[in-house]
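Peer 1: Below are the chains, spelled out letter by letter.
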Amino acid sequence: MKPAIRALGIATTTIWILLIVFSATAVYSVMNLGIDFGEAQFFPSSEGVVLSLPFFINNSGYYDISELNVTTHIEDSNGTLLTVSNTFVPLVSKGSNVEAAHNISIELGDATEYIELIFNDSFFVSDTFVALNFARIVPVQMSMNITVPWGAPFYNVSVGEIFDLPFNITHVRVVVPVSFENHSFLDITGTMQLEIYNDVNELVTSEKTSLDVRSQSTYNEQVDTYLSLADVSKLTESGNVHFIFEIPMFTTELWMPYG
Amino acid sequence: MVEEGKRKGLMNKLIPRVLKAALWGTFTYVFVYYLPRLIYPMDLFPLKYNQFFYLFVGIAVFFAVVVKFFSGTIFEHAFSIARALILIIYFIAVFNGGVISLTMPMEGTTVNLLVDLKAFLAILILMSLLEIGKSMFQLTNFLVKRAESSQRSMH
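Order-wise, the sequence lines are chains B and H.
The first sequence: position 234 = 233 (numbering that gives the first Met the number 0), numbered continuously.
The second sequence: position 104 = 103 (numbering that gives the first Met the number 0), numbered continuously.
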């Protein structure tokens with residue numbers, strides 16, 4: 000019986016020592032884990048926008064971090080899922096540094112789905128889920144919920160009082176005061192086409208103008224359109240202005256009454 | 000005169016046991032409380048886990064003292080088994096069945112952390128079961144030896 004007792008004693012002592020060493024080094028490794036986040040940046044893409052969240056991991060501990068998986072779900076203020084993004088880092092070896100970026104792509108190609116976001120300020124709800132394997136035996140999961148404010152690129156589009164001025168012997172100049180605020184993080188570069196419809200919904204005149212509106216700035220311009228003298232009577236005191244905004248990320252339209 | 004001799008004998012037996020138990024208790028206290036606190040500041044951990052740590056220190060020191068005090072008796076093995084059983088319950092409670100869940104406020108948001116320590120918990124429980132097995136062997140050995148010595152004294 001004595002050899003069995005001795006064997007069990009040696010086994011338990013050895014495993015206890017290994018467990019204590021593992022626990023101590025694991026806590027030390029976690030305490031020496033350097034995680035840093037870079038500045039979030041938005042980039043325009045061919046299909047919409049990309050939010051890039053750079054992160055940096057300095058694993059100066061004793062154990063590898065494997066299967067690091069970052070998943071982000073972004074929903075609009077109504078709870079509609081806008082995008083799901085995933086970043087996978089297979090291994091952060093002990094004593095190594097890893098620099099990566101979690102890219103969240105929001106497609107704005109079909110602008111009709113995001114019409115509210117184009118003309119109204121809102122907020123996004125971002126659910127971030129991080130999973131990793133510490134020392135290959137301890138799975139860790141982390142989740143967080145962040146509300147991100149969203150600024151509309153064409154906020155508060157409004158049309159002022161339309162008036163006409165003589166231009167030459169055949170035409171008059173129709174002046175359309177247009178204003179909106181670019182609340183978004185992106186500069187708007189593209190075109191704005193406006194069509195003036197009278198009170199019987201007949202197209203009176205149209206014009207296309209270029210747009211270059213800096214982020215967080217106001218567009219307040221008078222757009223000139225030209226109308227032949229014969230058609231001046233078509234311009235009524237009230238009607239609708241049809242805007243077609245075309246920027247590299249999307250094309251959208253808006254109807255606005257005037258008068 | 001005889002009673003005084005008996006008391007003296009008892010004191011002679013008790014004093015070394017008490018000293019040994021106190022020494023062992025101090026050694027355990029230093030090893031499980033003082034050294035870890037020296038290496039890792041306890042305020043890093045949530046309050047709940049600090050309290051669990053103090054409970055662990057209490058269990059470790061108490062059983063170290065009583066096991067040493069009753070060494071060479073049947074109670075030594077009984078307390079060893081009790082310690083292993085209590086540690087199994089303690090580990091299951093501390094590790095919340097193997098999954099630790101923490102909620103931490105961080106820069107205006109709430110971060111939920113989930114650590115899966117099932118493998119670690121399984122090893123700890125296995126260790127405690129091995130301790131119980133060892134104590135059972137020691138208890139059997141102790142009883143066999145006592146039976147043998149009583150038989151010898153009868154002959």
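Honestly, the hints are just simulated from the structure, not real lab data.
Some clues are possibly wrong.
Quick list of simulated restraints, FRET-style, between CB atoms [as the list claims (entries may be wrong)]:
| hint | chain 1 | residue 1 | chain 2 | residue 2 | range |
| --- | --- | --- | --- | --- | --- |
| 1 | H | Val17 | B | Asn57 | 28 to 36 angstroms |
| 2 | B | Ile16 | H | Arg16 | 26 to 34 angstroms |
| 3 | H | Asn111 | B | Gln192 | 44 to 52 angstroms |
| 4 | B | Phe87 | H | Thr25 | 50 to 58 angstroms |
| 5 | B | Leu90 | H | Leu142 | 48 to 56 angstroms |
| 6 | H | Val110 | B | Thr82 | 17 to 25 angstroms |
| 7 | H | Asn111 | B | Phe41 | 25 to 33 angstroms |
| 8 | H | Phe30 | B | Asn57 | 14 to 22 angstroms |
| 9 | H | Arg16 | B | Ser22 | 28 to 36 angstroms |
We put the beta carbon where it would ideally sit given N, CA and C, even for glycine.
Peer 1: Given a hint of 44 to 52 angstroms, does the C-beta separation of H/Asn111 and B/Gln192 actually sit inside it?
Peer 2: Holds, since H/Asn111 and B/Gln192 (Cβ atoms, about 49 angstroms apart) stay within the stated range.
Peer 1: Between the beta carbons of B/Ile16 and H/Arg16, is the distance compatible with 26 to 34 angstroms?
Peer 2: This hint holds: roughly 28 angstroms between Cβ atoms.
Peer 1: Take a look at whether the Cβ-Cβ distance between B/Leu90 and H/Leu142 falls inside 48 to 56 angstroms.
Peer 2: For H/Leu142 against B/Leu90, whose Cβ atoms are near 54 angstroms apart, the range 48 to 56 angstroms holds.
Peer 1: Return holds or violated for the Cβ distance of H/Asn111 and B/Phe41 against the range 25 to 33 angstroms.
Peer 2: Given range 25 to 33 angstroms: holds, Cβ gap about 27 angstroms.
Peer 1: The hint says 17 to 25 angstroms between H/Val110 and B/Thr82; measuring C-beta to C-beta, is that right?
Peer 2: Hint holds: Cβ distance 22 angstroms, inside 17 to 25 angstroms.
Peer 1: Would you say the C-beta atoms of H/Val17 and B/Asn57 sit inside 28 to 36 angstroms of each other?
Peer 2: violated, 52 angstroms
Peer 1: Is the distance from the Cβ of H/Arg16 to the Cβ of B/Ser22 consistent with 28 to 36 angstroms?
Peer 2: Taking Cβ atoms as reference, H/Arg16 and B/Ser22 lie about 32 angstroms apart, which means the hint holds.
Peer 1: Quick check: does the Cβ-Cβ distance between H/Phe30 and B/Asn57 fall within 14 to 22 angstroms?
Peer 2: Given a distance of about 32 angstroms, which is not inside 14 to 22 angstroms, the answer is violated.
Peer 1: Can you tell me whether the CB distance of B/Phe87 to H/Thr25 sits inside 50 to 58 angstroms?
Peer 2: At roughly 51 angstroms between Cβ atoms, H/Thr25 and B/Phe87 fall inside 50 to 58 angstroms, so the hint holds.
The structure is inconsistent with the numbered hints 1, 8, although it conforms to all the rest.
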